[in-house]
Amino acid sequence: MYNKIILLIILSIVNFYDKVNGCLPVITTPAPITTTVCCQPLTIASHPRIPAPAGTPAANLDECAMLRRSSATVCPVTATLTCTRATGTSTSEIMLQLLNGNALIRNFQGTGSSITATVNCVNGLWTTTNAAGVVTPFSQISCSQLTVSGGDVVENIPATGR
10 MYNKIILLII LSIVNFYDKV NGCLPVITTP APITTTVCCQ PLTIASHPRI PAPAGTPAAN
70 LDECAMLRRS SATVCPVTAT LTCTRATGTS TSEIMLQLLN GNALIRNFQG TGSSITATVN
130 CVNGLWTTTN AAGVVTPFSQ ISCSQLTVSG GDVVENIPAT GR
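Position in the sequence shown counted from 1, then plus 9, gives you the numbering used here.
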């Protein structure tokens, strides 16, 4: 008899809980939405090449080196900047400077035929790490070379005779 009473009480509690729980509002917390703030691809218009400003390491170098900007066309997160010596020239130094106005943010230099820098998109801005280790946006680029000798080309054109 006690078993039947206990069973009846348990069934009543389960039934009551089912009805009450069905009426209680349920609050769910949505998963956080994380989005990446994209940078625009690096272009001549967005990050123009400028002559090295006075007072910067490349101020007295030649501006004949070739600058190449490489980035994805859709939501790039990194990009590559390459400064290559001008065709037909010999150089003793290549220098790539990242600037904000006339303020030098970062200087890359080398003695080979080119120098490459990788830059990062942070919160929608193209950035580099400055000498103090701080991630800093930049807006202009200079690409220079110290020319040792220029090209010297001979071109022979076939003549049709005398």
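Hints in this document: simulated from the structure, not taken from any laboratory.
Hints may contain errors.
Here are the computed distance ranges between Cβ atoms for each label pair [said to hold, decoys possible]:
id	residue 1	residue 2	range
1	Glu164	Glu72	21 to 29 Å
2	Glu164	Ala112	41 to 49 Å
3	Asn111	Val131	18 to 26 Å
4	Ser101	Cys47	37 to 45 Å
5	Pro60	Ala168	41 to 49 Å
The beta carbon of each residue, even a glycine, is placed where N, CA and C say it ideally should be.
Evaluated hints:
The beta-carbon spacing between Glu164 and Glu72, approximately 26 Å, falls within the hinted interval of 21 to 29 Å. Hint check: Glu164 to Ala112, Cβ distance near 45 Å, so the stated range 41 to 49 Å holds. For the pair Asn111 and Val131, the supplied restraint of 18 to 26 Å holds, since their beta-carbon distance comes to about 23 Å. Between Ser101 and Cys47, the C-beta spacing of about 39 Å keeps the proposed range 37 to 45 Å intact.
Range check, Pro60 to Ala168: about 43 Å between beta-carbon atoms, so the 41 to 49 Å window is met.
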